[in-house]
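Chemist: Sequence:
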Amino acid sequence: MAEHYPVLKGAEPFHAEGGKEGILISHGFTGSTQSMRPLAEALAEAGYTVCLPRLKGHGTHYEDMERSSRQDWAVSIEEGYNWLKDRCDKIYMAGLSMGGTLTLHMAQKHPDIRAIALINAAIDMPALKEVGESDEIRFLDAIGSDIKKTGVTELAYEKTPVKSVKEILSLMEEVRANLGDVICPALILVSDEDHVVPPGNSGIIAEGITSEVIEKVRLEESYHVATLDNDQEKITENVLRFFKEHA
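Numbering of the sequence shown is given in this note's numbering, commencing with residue 15 and proceeding in unit increments.
Check before you lean on any hint, since a few could be wrong.
[Unchecked claim] What follows is a list of derived Cβ distance ranges for each label pair:
#1 K23 with K163: 18 to 24 angstroms
#2 K163 with T224: 33 to 39 angstroms
#3 K123 with E235: 31 to 37 angstroms
#4 S184 with D155: 18 to 24 angstroms
#5 K123 with D103: 16 to 22 angstroms
#6 E93 with G217: 29 to 35 angstroms
#7 T224 with E187: 15 to 21 angstroms
#8 T164 with D103: 40 to 46 angstroms
#9 E31 with E247: 23 to 29 angstroms
#10 I151 with G61: 43 to 49 angstroms
#11 G194 with D149: 29 to 35 angstroms
[To be verified] Here are the simulated lysine-lysine pairs, BS3-like style, with alpha carbons at most 25 angstroms apart:
#12 K163 with K23
#13 K99 with K123
#14 K104 with K123
#15 K230 with K258
#16 K163 with K248
#17 K173 with K163
#18 K258 with K99
#19 K230 with K248
#20 K104 with K230
#21 K162 with K23
#22 K23 with K173
Derived from the structure by calculation, the hints contain no laboratory data. Note that CB positions come from ideal geometry on N, CA and C, so glycine has one too.
With the sequences and hints as input, model every part of the structure.
Modeler: As structure tokens, this is what we get:
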């Protein structure tokens, strides 16, 4: 089904052709590429070939999102992976929130991914489960833009489709069931205070994956959308360092 809405300004996909090492980046649920753009640009500046796709149904209108499924989101990421595969010898991946969930999904599916960076990755969101059981409500209020830094706003939907909530719940369940299939080095970046994804998710992931290298970095000055928050530089520095260490 064709999308009926234009892509919002700032929500366009981002591609940069650099060297033979590629980084795939995923934004989160109801969000857009805008949340990951600073990280993508910094990694491109460091010489990497970078692909930051716009997940289907995102960055347009929440009614568009309602028509997209978790399979659609996975396909959006898979297309980005294939774009990088054509250009690069090595691929790494980073994701925020549900982008972290999709990063785990890709690591499960593609053991050739060298290393992953998970930023406030979502694997268990109890607050959403209650919502997912509702059939009376079609749209909920926004869950985006949980940012500590003043004057910064995430480009995210003002409404969340309940149908989409059911999709992310299913995605998290599938990924969680196969956490043991993740074997590559994993950098887990987690905000001390997160009003969207409980920080305890990082522990569930660390205990579930079978990676020999698991490193945790605390983001003490940021809320959920840490990539646009006070720890933006800290994230970029750690992701760059971690991927270099596992080249």
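Chemist: Would you check the hint for K162 and K23, treating anything up to 25 angstroms between C-alpha atoms as holding?
Modeler: holds (23 angstroms)
Chemist: Could you see if the CB distance from K123 to E235 stays within 31 to 37 angstroms?
Modeler: holds (34 angstroms)
Chemist: Would the pair K104 and K230 pass a check requiring their Cα atoms to be no farther apart than 25 angstroms?
Modeler: holds (23 angstroms)
Chemist: CA of K258 to CA of K99, is that 25 angstroms or under?
Modeler: The hint holds at about 19 angstroms.
Chemist: Is 16 to 22 angstroms right for how far apart the beta carbons of K123 and D103 are?
Modeler: holds (19 angstroms)
Chemist: Starting from the hint 29 to 35 angstroms, judge whether the C-beta atoms of G194 and D149 obey it.
Modeler: Given about 34 angstroms between the Cβ atoms, the range holds.
Chemist: At the C-beta level, are I151 and G61 separated by a distance inside 43 to 49 angstroms?
Modeler: Holds - the Cβ-Cβ distance for I151 and G61, about 47 angstroms, lies within 43 to 49 angstroms.
Chemist: Do the Cβ positions of E31 and E247 conform to the proposed distance bound of 23 to 29 angstroms?
Modeler: holds (24 angstroms)
Chemist: Within 25 angstroms, alpha carbon to alpha carbon, are K23 and K173?
Modeler: Judged against 25 angstroms, a Cα distance of about 18 angstroms means the pair holds.
Chemist: K230 and K258 were given as a pair; does the straight-line alpha-carbon distance stay at or below 25 angstroms?
Modeler: holds (16 angstroms)
Chemist: Is the Cα-Cα distance between K163 and K248 25 angstroms or less?
Modeler: holds (14 angstroms)
Chemist: Per the hint of 29 to 35 angstroms, is the separation of the Cβ atoms of E93 and G217 within bounds?
Modeler: Taking Cβ atoms as reference, E93 and G217 lie about 32 angstroms apart, which means the hint holds.
In terms of the numbered hints stated before, the structure departs from none.
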